[in-house]
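Enquirer: Here is what each chain is made of, one letter per residue.
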Amino acid sequence: MSPSRLRLALIILTGLPIFAIGWLGLRLAAEDEARGQAEIHDVSSRRLADWSSGVLEALHRREREIALLVLDWPTQTEALRAALRRAPAFHHALVLDEKGGLAFPPATGNSEEERAFIERTRSLWSPGTLGSARPRDVAGEVITPAHLRGVVSFFWGEGLNILSWHRLPDGRVVGVELDRARLLADVMTSLPSTEDEESRTELVDERGALLYVFGGANLAGPLVERPLGEPFTGWTLRTHLPVSVTRGGRWAIWSTAGAVALVLVGVAVSVMRESGRALREASQRVSFVNQVSHELKTPLTNIRLYAELLEQSIGELNDEVSGPARAHLAVVVHESTRLSRMIANVLMFARSQREKPRLRRTPCVVDDVVAEVLSAFAPSFSSRGLKVEQLGAAPARVVIDADVVGQVLGNLLSNAEKYGAGGGVVEVQLEQVLPRTRIVVSDRGPGLPRADVERVFDAFVRLDNRLSEGVTGTGIGLTIARDLARLHGGEVRYLQSPSGIGAHFEFTFDSPPPRRTPDESPGERRMKVEANAG
Amino acid sequence: MQLSRNLLMLLALGAALASPRDAAASEIPAVALEARLSTPVALAGAPQTTFLKVEVSGSRLKLAARPAVNLAIVIDKSGSMAGSKMDRAREAAVQAVSRLAPNDIVSVIAYDTTVRVVVPATKASDREVLIAGIRTIRAEGDTALFAGVAKAAGEVRKFLDRGRVNRIILLSDGLANVGPSSPAELGRLGASLRREGISVTTFGLGLGYNEDLMTSLARHSDGNHAFIEDAANLGAYFDLELGTALAVVAQDLELRVVFAEGVRPLRVLGRAAEIIGGEVVTSMNQVYALQKQHLVVEVELPPGVHLASRPVASVRATYSNLGTRATESASREVSVSYAAEAVAVERATDRDVIVSSVELISNEQNRLAVKERDEGRVDVARDLLKKNARYLRDNATRWSAPSLDKLNQSNEEDASNLEGKSWNRQRKVMRKKQIELELQQAY
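Protein chains in written order, with our numbering: chain A, 1 to 534; chain B, 1001 to 1443.
The following block holds chain A by itself, in its conformation from the complex:
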């Protein structure tokens, strides 16, 4: 896998989980927060509701108290005044007779305060003003016998005032004006004090003015409001919710996601660095070997040239002189040929890293190419006690890159030489069904374990451990063989032998017959060099 693909894979592998965790975490946090907020909102609303019903309950207690009082109220003006004078929660009352006429306070002989009271409440009870001779309760209903008492609010002075109405059994109706200051004090007393509550709650009147505040800190979240309800028209309890109840939870999710992300990124970075280092090292070695090989190529070519010239010269000498020398020289030629092949491999590999190699096809016969390669291997094969058995033939004249086909075959034979030496026989099987040629090189060695079948074709850069074996190993030989075969429109495959003995490499390649042009005579054929079709 190339570094850029590795990087992409790592980014995906680390990024996806992080994204997934983050997204899930956020979703969870958001849901949790919404749920928490809803709960807090509910709790707050319920508390506000409790408190406001507490306030109403205090008022109702006062009403019941008054209801009991008024039942025993004296009818005599003076006695009634005396009773009012002693009451802490109210100072003024009015009594309507059965016909709705004002019986108390008296029309004459009244105090200034009583007159003011009559004036400010007149609209609530006087006949004609509201078309009713009967006091109305909050809902605007006329108080009927079934409806023995009620409250009505009215605005006067500093704001809201409340009149408590009671219908007596004798038909009279009593209206008691609650003392506003005392009413306020009662409301405050029925609400908690600061030490009982953590968050601040405010009671505001109809103009939005603060009446009473309790609880500790003022929170900054959304506002929850609850009107006290009738008869406290316009009075509202309100409190702020906390900004976020699940901030802690959200933080936990973020930190978990962050930790996972850090671990993943750490792993990714170390993998990148490790593989980057390996790749760098490998490519450094390749480029070193490449340079060295280039340097070696020219002298080696000269050695081979002069060794072959020497071989010719020796051939002209008589046998007692030339016998041992000829054998020594054969070794020199053979070894230098082997070295050339290896260098060709390295250079080919190095070149394939930079650019796509090009084929140079020429018309030739595969059998000739095979024979040439086998003859080159003959001395080393015989020295290792290997016998080559050739089966079938590829006699057709075809257009191929002989160098490439030879190199692939050489690499396969070299492989057989190294690993199949114990088997004694190397079988080369040829088969030609145009436009394809098939060569199978089999040895009788130990073969390859099934798991390693594909790995043998991997270049050493992928298997850094094998780098140490150097270019002399099959480390790149098979890789190059396969690459070249593919370049030549074919493939190198490892065949599982039915007997389970030996290694069998199948080399197939594209081998079209030469194209005949109309003006071409069979005698003088001009072969077109085809660009490869890799």
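Simulated from the structure, these hints should not be mistaken for laboratory data.
For glycine and all other residues, C-beta sits at the position ideal for the given N, C-alpha and C.
Honestly, I wouldn't trust all of these hints.
Residues from chain B that face chain A, not an exhaustive set, calculated with beta carbons under 7 Å [as the list claims (entries may be wrong)]:
| no. | residue |
| --- | --- |
| 1 | Thr1113 |
| 2 | Gly1154 |
| 3 | Val1178 |
| 4 | Ala1272 |
| 5 | Ile1276 |
Since chain A is already given, all that's left is putting chain B on it; use the hints.
Expert: The following block gives chain B in isolation, referenced to the frame of chain A:
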């Protein structure tokens, strides 16, 4: 030895049980009532106005009969109290708590923007709890004065008992800026509490408090008011206040003056009272031992003939004797006789009634001067005060009354402090004197 000590203790206990205050108190009425006209002899032949003074005084308190106290201490802990004022307030409250008897009940309330019941109504024997609570009070925030008093009343109400002296001491150095904050509203709260038998004593601390609120609250609840310029004196005022609270002999006194046919009440001087037809009604939350409190009504007498006599009013005081817890009453009849000679009228004139009337009339002028000054008419206010001083001086000489001369001097002082920096302080001094005169406060 051991035996004799035990015997002694037993005897002492027996003595304590045998001499209950009920018995002692029932022998002497807790309240003495007096009613006099400034001119018991009126000039015959013409309608005229005169002053009726009704005076209530508490009997000598027996030490054994010291009433139980139900006290709420309300401390303004708003930001302005920070520093030495807060320290002094805490100190004074701790001292006050230490002075209470184990049977007394006390609660501590602190307010700023909100109200904190620092120590709910508790027996004073839980001294540690109380003192620890007081020490937690820290100054900060705004001033919810109304709510502070309302909550304190709630605490007092838990043990509300006509057999106890039910009292709230409010200590504030500032204004009320959260909740109801007009003098009228606080006055009405005070009046409501008074009807329950709870008095609110207000201590104005420093030069920043709202004297109108503080005096209104005290006045309508029949509590005391003090202007305490220097926080160092707080402790002394707490002592004074507790002293008066412990000297209460009667509570819940209603004073009712029914005027005779032909006699018309024109106005009540000082104390808040209701005039309904021919009747004047007022109330006092408590009567202190050996302390006199009075009501002065200006009345119009019908013309009479020489040597004739006629009833003017019948006065009745109904109250609860703190010792016996029984409702008692006292009544007096007031009549006038007519004489043709001015000398006879002059000779019979009641100097004490005149002095009280002059005090209260000058007090009304003094109030008026504050109102004029508040509306920016400094000169009008000054003239009023100068005139008032002259009026007091004349009467002081005429009736050889040193108390009137003292008032003359204080009016002169008021007149020369109507402007600049000194006005703020002087206004507090004036308000304090006004309520002191109206309610005949002990301090």
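Enquirer: All the hints need checking, so say for each whether the structure fits it.
Expert: Structure-based check of each hint:
1. Among the interface hints, the one on Thr1113/B holds; its C-beta lies about 5 Å from the nearest C-beta in chain A, closer than the 7 Å criterion.
2. Contact between Gly1154/B and chain A, as hinted, is supported at the beta carbon level, the nearest pair being about 4 Å apart and thus within 7 Å.
3. The restraint placing Val1178/B at the interface with chain A holds, with a minimum CB-CB distance near 5 Å, inside the 7 Å limit.
4. Hint on Ala1272/B is violated. Least Cβ distance to chain A is approximately 11 Å, over the 7 Å limit.
5. At its closest, the beta carbon of Ile1276/B sits 5 Å from a beta carbon of chain A; the interface hint therefore holds under the 7 Å criterion.
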